[in-house]
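Throw the hints in and build the complete structure from the sequences for me.
Line by line, the protein sequences give chains Z and Y.
For the first sequence, this note's numbering begins at 101 and goes up steadily by one.
For the second sequence, this note's numbering begins at -12 and goes up steadily by one.
By construction, these hints were calculated from the structure, which means they are not laboratory data.
Please read all numbers here as calculations on a predicted model, not as lab measurements.
Heads up, some of the hints might be wrong.
[To be verified] With a Cα cut of at most 27 Å, we get these calculated DSS-like pairs of lysine-lysine: (1) Z:156 to Z:117; (2) Z:209 to Z:156; (3) Y:44 to Z:141; (4) Y:44 to Z:103.
[Unchecked claim] To give an idea of the chain Y side of the interface with chain Z (calculated C-beta under 7 Å), a few residues: (5) 5; (6) 20; (7) 29; (8) 30; (9) 85; (10) 87; (11) 90; (12) 92.
For glycine and all other residues, C-beta sits at the position ideal for the given N, C-alpha and C.
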Amino acid sequence: ELKVEQNPLFLSMQEGKNYTIYCNYSTTSDRLYWYRQDPGKSLESLFVLLSNGAVKQEGRLMASLDTKARLSTLHITAAVHDLSATYFCALGGSQGNLIFGKGTKLSVKP
Amino acid sequence: DSGVTQTPKHLITATGQRVTLRCSPRSGDLSVYWYQQSLDQGLQFLIQYYNGEERAKGNILERFSAQQFPDLHSELNLSSLELGDSALYFCASSVGPWQPQHFGDGTRLSIL
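The following block contains the structure:
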């Protein structure tokens, strides 16, 4: 059974600080996704990681994938308030459907 | 704007009733996925269609059914509704399986 575990589930950060969200998964997959969701809103695609060692960066967010460890990380650099949201990692299932983690609710405080 | 259109945005109904949620995928996308988001279960995959055919099933209850029509829009039918069915239902579409999925704004279903 495909399982995706994120931690932490809640993260309160100060502006300007760095932190990492971890995503462990139970079995191999060709694709690992990161999404962002603002309260009451839809999901916005952030990154798609396709291979071992893949690293992608967009602004203050950087995602990486270690398929051997079955681990993906989302690193936040110098957090700002606008990054406050819930971040989901998701594993690509056998037919392309997504298996989501429980999400990490990030709150960035001044 | 993701290009995926879901209607209605909100739906309030009573236990035992039946509702239909509609999804129009992005132009050119052949795959449609349905997901349910609730506080206790999180985001769960329900069902996937590709070019009119069912491709994969997730944690979809027998009271729920879906289909994708020749024009590629999809409908999710929920029947014999229970309080626990209250959730946000998302539709997503992609060009094909394993391609990045684009999510609609969701339909918020409230069962009274």
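* **Enumerated hints in conflict with the structure, sorted upward** => 5
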